[in-house]
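The primary structure of each chain is shown beneath.
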Amino acid sequence: MRKVLLILLFLISLLYIFPIVFTCTNSFMTLNQINFEAIDIIPKQFNLQQYYSIALEKAEYFKFFINSIKLTSFIILGQVILGIITGFAFAKMSFKGRDTIFIIYILAILLPFQVTLVPNYLILDKMGRALNIQILDTHAAIILPGIFSSFGVFLLRQFIKGIPDEIIEAARIDGAGNIRILFKIVIPYIKPAVFSLIVLTFIDNWNLLEQAIIFIDTPKKLPLSVFLEQIYYGDKKVFYAGAVLYIVPALIIFIKGEKYIRKGLVLGGKNDE
Amino acid sequence: MKKIKGYLYILPSFIGFMILYVLPLIWGIKYSFSRSGFDNTFVAFNNYAEVINNEAFRLAFLNTSIFMVIAIPLIIILSFILALIIFETKPPKILMLFIIIPMAIPSASVAGFFRKVFGTGYNNLLDSEYAMIAVILIFIWKNTGYNLIIYIVSLTQMDKSLIESAEINGASYIQKLKYIIIPLLTPSTVFVGIITIINSFKVFRDVYILQGSYPNPNIYMLQHFMNNKFRDLQYEKLTSAAYIFAIVIFIFTYIIFIIDKKHYKRIGEN
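Line by line, the protein sequences give chains Y and F. By the numbering used here, the letter at position 148 of the first sequence is numbered 148, and the numbering carries on one by one without gaps. By the numbering used here, the letter at position 52 of the second sequence is numbered 52, and the numbering carries on one by one without gaps.
These are calculated hints, taken from the structure and not from any lab test. Using N, Cα and C, we set each Cβ at its ideal position, and we do this for glycine too. Among these hints, one or two may not hold up.
Computed list of lysine to aspartate or glutamate pairs in EDC-like fashion (alpha-carbon distance at most 16 Å, straight line) [said to hold, decoys possible]:
1) Y:LYS3 to F:GLU88
2) Y:LYS184 to Y:ASP174
3) Y:LYS92 to Y:GLU166
4) Y:LYS161 to Y:ASP99
5) F:LYS202 to Y:ASP204
6) Y:LYS236 to Y:GLU57
7) F:LYS93 to Y:GLU60
8) Y:LYS184 to Y:ASP165
9) Y:LYS220 to Y:GLU60
10) Y:LYS184 to Y:GLU166
11) F:LYS3 to Y:ASP204
12) Y:LYS92 to Y:ASP165
Which residues of chain Y face chain F? A few of them, derived with a C-beta cut under 10 Å, are [as the list claims (entries may be wrong)]:
13) PHE10
14) ASN26
15) PHE74
16) LEU77
17) MET93
18) GLN114
19) ILE133
20) LEU136
21) PHE148
22) VAL199
23) ARG262
Have a look at the derived ranges for each label pair, beta carbon to beta carbon [unchecked claim]:
24) Y:SER73 to F:GLY170: 37 to 47 Å
25) F:LEU233 to Y:ILE81: 30 to 40 Å
26) F:PHE42 to Y:ALA170: 26 to 36 Å
With the hints as extra help, turn the sequences into a complete structure.
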């Protein structure tokens, strides 16, 4: 029985990995072989032409790559900083209305981007006009909503809640203030959670698309996801190499951080109220 | 003083969150009751009625519902079964990694593959009336990972003593599953359900990448409707559609929570 199940699992796992293997091996093929109707995964001859072409003829690819890196890293940075400070307050400080506000934060996670999209667009437009700066059609239009989405606060709050109160009380008795407690106790304690937040935020925003097609008009400001889609129709001969280069950072971060994601997803689901 | 400090800590996040999420949502309600985004005349529920009677909206709503009603239970059952198999057989780690890796893969990068598999030839799936099958398969492929991780961890953290005592009493595997494992895992299933609902909205990315703003009508989703209304600057229709959408989601989530509550009650009674 175990053997049968293992074989079944093996076959299923092959199905899951196949699209990625296909994309990877196709990046070493010539355009002729790619355009061939059948689903082919073995290059007739190992060929780096696609990678050369992207580096030499399609160098703007890397500009979009940098756009994606910029968007993703700013969002991660903001999510982590706000997540730690706000999560700490929600978990370990008492103030009136705390739990009500936190519930609103949770409800906001449930709202799909499509619901917040227009309100978001309108407010960014208004903000831009009021402050006399351009927000729409700049990366800030994607970064700001990304930073203030409540996911990071929610996730880190769940972890900080797990720090025993006695440890924090003991530090208070020793005369430590909140900021000291934050740096000396909370941050070291929740390091795995922060990594988990970084990986999950990265995965989501590296793949971001909806925000870009709504908020960004200038083509050169688009993230890689939109650009890669255009490449498929325009320069198919470099598409697969572009796709592989797009996958690599996500794959490295994912494999390095997989164990943290596990912690993050599990604690996120703990109901402690 | 102590009481005020808490507010100070949440302030930066709270201001941004209010300005970018809460206020605009409340503000959008005004739009949904106005003649248009540029004319504030109060028109009561006209926009809502128009949206509900709009053919494109109905199609989008129907497709999104079909997608959610089929894909969500399917992926939950599949990830539960896969988690059980992994839990019971302890396979090499790499197999599980293969199954969860797709969650990290950007949609645009595998579009070449999915176009080739589902969208080539004369009788291709993406242009047929069964295109939803392709969308559901892509969704399952991409999102099994999240659910699998949650289920596997909860299985390993499960109270083993109950299962052992059931084994001593000669319970079959199906009985163990039905009376112990599934009930014990219900809280995880609720969480998996919520994660799946959140992820199900992101399937738009995949459809958009494969077929653009005006896809095969069989996979025209609510998100397409909204994006296209947005392009036409029909904010009043768009906000109305968004609120209808939000209400449906909250009802969905509420049902899940009710199931969860019932479950705890049952455990309490036993």
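### Query
Going back to the hint list, which numbers does this structure go against?
Violated: hints 7, 11, 15, 16, 19, 20, 24 and 26.
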